[in-house]
Every structure is written in C-alpha cells, then in structure tokens.
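Enquirer: Chains as they are written, first to last, in my numbering: chain A, 1 to 397; chain B, 1 to 397.
Bear in mind the hints are in silico, worked out from the structure with no lab data behind them.
Note that the structure is predicted; figures quoted are calculated from it, not measured.
It is possible that some hints are incorrect.
Claimed, not checked - Pairwise CB distance ranges (calculated):
id, chain 1, residue 1, chain 2, residue 2, range
1, B, E262, A, E233, 49 to 59 Å
2, A, T10, B, P17, 28 to 38 Å
3, A, E233, B, A65, 40 to 50 Å
4, A, P366, B, P17, 39 to 49 Å
5, B, N32, A, E233, 45 to 55 Å
6, A, A303, B, Q266, 14 to 24 Å
For glycine and all other residues, C-beta sits at the position ideal for the given N, C-alpha and C.
There are 2 protein chains.
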Amino acid sequence: MNTAILPGSTLVAELRPEAVNAPESGIVEVMNYGRLRPGLIPLWVGEGDLPTPSFISDAAARSLAAGETFYTWQRGIPELREALARYHERLYGQSFSPERFFVTGSGMQSVQIAVRMIAGPGDELIIPTPAWPNFGAAVSVSGATTVCVPMDYAQGRFTLDLDKLAAAITPRTRGILVNSPSNPTGWTATRQEQEALLALSRKHGIWIIADEIYGRFVYDGSARASSFHDIMESEDRVIFVQTFSKNWAMTGWRIGWIEAPEGFGQVIENLIQYSTSGSPVFVQRGAVAALDHGEGFVAEQIARAAEGRRIVYEGLKATNRVSLSAPVGAFYQFFSVDGREDSRKLALELVDSANVGLAPGTAFGPGGETGLRLCFARKSADLVEAVARLHKALMAG
Amino acid sequence: MNTAILPGSTLVAELRPEAVNAPESGIVEVMNYGRLRPGLIPLWVGEGDLPTPSFISDAAARSLAAGETFYTWQRGIPELREALARYHERLYGQSFSPERFFVTGSGMQSVQIAVRMIAGPGDELIIPTPAWPNFGAAVSVSGATTVCVPMDYAQGRFTLDLDKLAAAITPRTRGILVNSPSNPTGWTATRQEQEALLALSRKHGIWIIADEIYGRFVYDGSARASSFHDIMESEDRVIFVQTFSKNWAMTGWRIGWIEAPEGFGQVIENLIQYSTSGSPVFVQRGAVAALDHGEGFVAEQIARAAEGRRIVYEGLKATNRVSLSAPVGAFYQFFSVDGREDSRKLALELVDSANVGLAPGTAFGPGGETGLRLCFARKSADLVEAVARLHKALMAG
C-alpha cells in the first residue's frame, strides 16, 4: 500500500472504481466548450427559458419568512404528499394514497434511490438506448451493470423491439428502465407496448423503473401519454421516478418524487435519511403551489413546446440535409446530419459555425452516436434564429 | 423467481439487502412515540430552537424573486466556493483554494459521497462509538462494513484509545471516521490525538473522513476546536464533511459542503451529478450570506449553547442520579442514569413521565447503550424546565 503523501490526481487512483468510473457527462463537455460564447443559443440541456412562475416562488418565500427552516419529515411534508395524490387522481382518473409518494431532492435522486433499492454488484439493469446518460451512470455508481438495448432506427424514427428487449433478460436482470416519452428521442410507448413490458415484469419478477417525466408533453392531440398507471395494479413491480423540473419550470429547485408500493415506505425513508435527510419545507411549499395552482402554466408550457417542435421539425427538414421525425412526446428534436457520423465532433463544430448549443448523441449510448439533441422548450424567436443558423452552417458544411 | 403480484410488504423482500437493511433511526423511533405530546420539550435532535436569521432567508428570497431558478454548476456556484475559501482562511489562518470546496445537498450527502468515494463491498470503515448513527448507515448502504471501536468510558467521560483504534486496522480498512467535537459525547480530539490519527492515515494509506461540524462549539475558552487543518498537508488523505445546519441554524435548508484534494474535482462533480445534480442557486445565495455576514449570529449561538450547557450539566449533576461530564465541545449532554441500563426504554419512559424528548444512547452504537443524549442548543427557560422535569421524574423512578 502506498503510504506517501501523493498529489490529488494520483490519490484519485486509490478511490473506489464505481466512484472514479462514473463518466463525465458528454453533454457537459460540449457546454464547457461553448458556455461563454456571446450570443450562443443554448439548446443542449433539458431546460426551458422561463423562470419559475411567481406563484410558486412566492409560496417558498412566504415559508422562508415564516421561519419554516427546521428539519422535517423524511418522506416529505404531508401537505405535499396529499397534493401529489390529488394531482395523480386528476391526471389518471384513479384514487391514490398519499402513502405511495415520497419527496426527493430531484428526479435524479429518485433514480438513484430506485436503482439502489433494486440493483447492486452482480445485478443487471436494462436500458433501451439512446437514453438520458444519468440513468446508466446511476447504475454504474451503484456497482450494478447496465445492459443497453439499442432501439431500432429507420427513417429518422426510433422503435422498441420487444423481442430484442426480452432476449436481453438474464437471471441477473433486476429491472428495465422505461423512459416514455423519451429523452432524447421523443419515442412514446403505446399502451400495447406498456402491456408487453408489464407482462415481462410479471413473468420474470423484474422491476420497471418508469420515467414518465415528460408524460404531459405529447403532440398527437391526447391529454397525456399512455402511462403504466393505466394498466398496472398498485402492487406491480413498478417504481415511478418523477420531478417538478419540467412541467413547472423548476429545474433549479432540485425537487422530485418517487411513487412506489406503500410497503416500501420505511425502506425509502431510510434511503432518503441516509443520502440527503429530506427536502427543505420552503421548497416543498413551492411544490404544493405548483401542483395545486399550476395547470394554467403547464398548459402554456405545452403549447409553447408544441410551437417550438413545429418550428424546429419543419425548419430542419427544409434543409434536406438531415434525418429526423417529428417527436411524439417530450421536448427534444433528435436528428442526424447526412454524411456526418461523429456527433461529438459535429456538436463542437456547430458551436463555432452556428453559435448554437446542441447535445451530442454520443452522450446517449448505443444507437444515438450519429444524432444531435435539440431542446425546443424555448421562445419561438430563439428557435427560428437557431434553425436559420443551423441551416446556413449545414449548407456550408 | 416469484412472479406473482405480491403485496408491497412482501415485495420488500426482493429489494437489495443494502437498501432493506439500512436501519431505522433509533432516535426517530422515540420521536414518533412522543412527537404529538402537548407541551413536550424536544431535545432529541441536533437542532436549535432559532429559525434561520432573516439576513440569510432574505438573500434566498431575493434570488428566487430574481428568477435564479435554473440548473447551475454541479460543484456549487463560484460565489459560494469563494466564500467558503474566505471563511476557511479566517477560521484556520491559512489560504485555501476555492477548488477544494464542493457544495452538497446536506452534511449527510457529504458523508454519503465521501463514503462512496473510498468504500464499497469488501471494504471496512472504522468508526469510534458512540457515534451519530447516520455514519454507519451510510457505510451500510454503500455495501461496505462498519467496524465500531468503542471509546473508553470512565466517570462519565469518553476517551479515544488510539492503540485499540490502530489494532482495528486490517488490510480491508479504507478509512476512519473522526467526528470531533463528537455528536453525541462531546469528546473533542486534542492536537496530539489528531497527529496520531494522521500518522495512522499516512502509515496505512487510509482515509480520514473528518466531521468537524461542531468545531466552533467549544467551551474551554478557545476560539475553535483543534482541526486536521492545523496539522495536515493539502494532499493528505483527509476528506472533510460539513454542513451549514448547525452554525447558522439552517438545518431545514439541506446544504453542506465537502472539502477534498482539488484533484478529486471531477469525481466529486460526477457523484453530485448522479445523486442530486446540484443545489438550488437560491439556497446557495443564503449560504453565501451566512458565511459572509454570519459571525455575529454564530457568536450568539455559541454563547447560548454555553449557557445551555451550564444549566443542563449542573442541573443533571444535582440530581445525584446520573453519570456525566461537562462536554468539551458540540451541543449535547450525554449522560446515563444510575441503575438504568436500557436507554431506549428509558427514553420512551421519559416521554411519558417527564414530557421531555431525549435521544436514546442505543441509537449511537457500541458503548453508548446506557446513555441519553440531550441537545442544549435551546433557550434557557426550556432547558431549566426540562431539567426540573427530568429531576422530578428520576427521583420518582
């Protein structure tokens, strides 16, 4: 054992491999390259351009002023768990017990806790890809192994091959991460696909970690995407990971929730206790306001995203240089540029040539390598300008 | 493999052992028993009775009103990392690079990340006990093993047996958790003890996770407790876990920091990214205000704790029914009641007989079983009343 005092960069080699091998985000690499460019239009992260509406921020500020600055319930304040139950009742037309809901310090923490509950060293979790890179990273930090199942791709459209997914299940498989609508592809599971996935869960006794975070952002005229809520029993092996970030423009608030069988209450409470020990009451007051009074704002966000989607899809298609399809859900356009295979290189290039920030498909795992992800949850003028710049840059390229 | 739909309580058996075996807090058990008693004086948690001062809350509210509600730096906003460097410079009389500081979503998350960096399945971490139960729980969730080394105890005073500690080091040992001043015992390491611990770290190439959270709360006339900062090199194997909770009455804010070698920056950033993805900017603005303008409030808190300590120590001693010593640091009185071995039972009893909430020593691991922990960071009137009630109950008992 090396016992000298070593420089920090050398000391890193002594750390646990699960910690050291957690990958740097491939999105952040491009952001760091372009972050400070004047006039750059940043469409690389999953974040809109609107600040949190004041009825939410004011609720938090009132709580702060009232001195709600003490420790609180590890599972979340009762008012928020009840507001979550009401919200789910409105959205899914069923009744929900507040005891199914657990407040977390972000959608990311929800993923971390869900993964920690079901997987560890020696276990496998299946992730259809391209996928949000943080899923796989959370699995890797837990010591478990990610098994990527690339989605089929044809004519700019991704589809899930259920046979290929089923074939990836081994005795070590503990669960499947199902992100629908999908970040980054916009793929949205049909009810039939969800039924097939739930049947796999029941047949093999494996878990579904359901990320339906973008479930309100759909563009086929329906009020929301199909959900596992529509087909499951309350005691099915489904754990929902959720966030306030997207619907209510609260990315910076770091608050989300887990929905899981009531019987998991003590386990989840302990995992919250031993990771962040709960969420601030004043942040939770903002979240209650979002759920109870946020429908007008959510509708506005969805309408804005629909317009953004139209601008971006039509504008990029008109370049005749790209492969893409209009996304069914979420608020990203995933597309590839004809003749350009290396999306990392292309994303860096487009910072220089178009002054537009895009996320490289390489960040999203197998099947996404040639793609670029553009977030269209942004005001129309920015998107019109970004598309014009991309058009020009791609024509010159 | 059981593939039926099972009730949630049965499903728990399918979860990972590291998740299921994370213990319920023994403190929370007593709190749940007594939480709703009218007039109960709650001295069971490590939290004062003052809300966060308004100069801190106002800074957060201004940030919210200004729309600082977006994603931000995973390592913390530069202003906070610079304020942390300045604070450390003032406190320790040395210069610090802001690059050594990483903002986390609580002292607890700092512990979780520190443990995740150095330990996993097959590894051992040494914890002198009695100790804050969340340390061992975080180790257990990581899949590593806690090796408890009970401190020596005589005449109400705990002392660290360095030979016993050294003898507990095995080839699997990855680190030692050193909490000084200690929660719950008030034990505070001398400079000589810290030198001996650092020598063990250097000799065996093992880590010190240094929890010096209560370092400002000392009662021997010195400005602060001795710190590893006083004796270490910047590249020693020392990771500090810290919080804003205690000094600045911000328990409910969920914000802390890690101090570690600069070379760990990318590893820590990734572990933050894949657990909570950063802390709210508006919360960080409050933390900057705390560091830059909080010295008057901290001094008031310490003076208040010193008075609380006097009241509690003298009052309990006067019962002639307890074993205790005046704590050197932190803001807890740890004491045992003569003839009463089972502190869990006693703490539950005292909820009924004294209407005072204390934490049972059983929650703090080997060596603490007969003790009770009383938090004296509270207004004098409450403490005087609590001591009178305890006196009466112990006399009757």
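Enquirer: Confirm or reject each hint.
Expert: Now for the hints, and whether the structure bears them out:
1. B/E262 x A/E233: 49 to 59 Å: 51 Å, holds
2. A/T10 x B/P17: 28 to 38 Å: 34 Å, holds
3. A/E233 x B/A65: 40 to 50 Å: 45 Å, holds
4. A/P366 x B/P17: 39 to 49 Å: Violated, at about 31 Å.
5. B/N32 x A/E233: 45 to 55 Å: 30 Å, violated
6. A/A303 x B/Q266: 14 to 24 Å: Check failed, 40 Å falls outside 14 to 24 Å.
Comparing the model with each numbered hint stated earlier shows that hints 4, 5, 6 do not hold.
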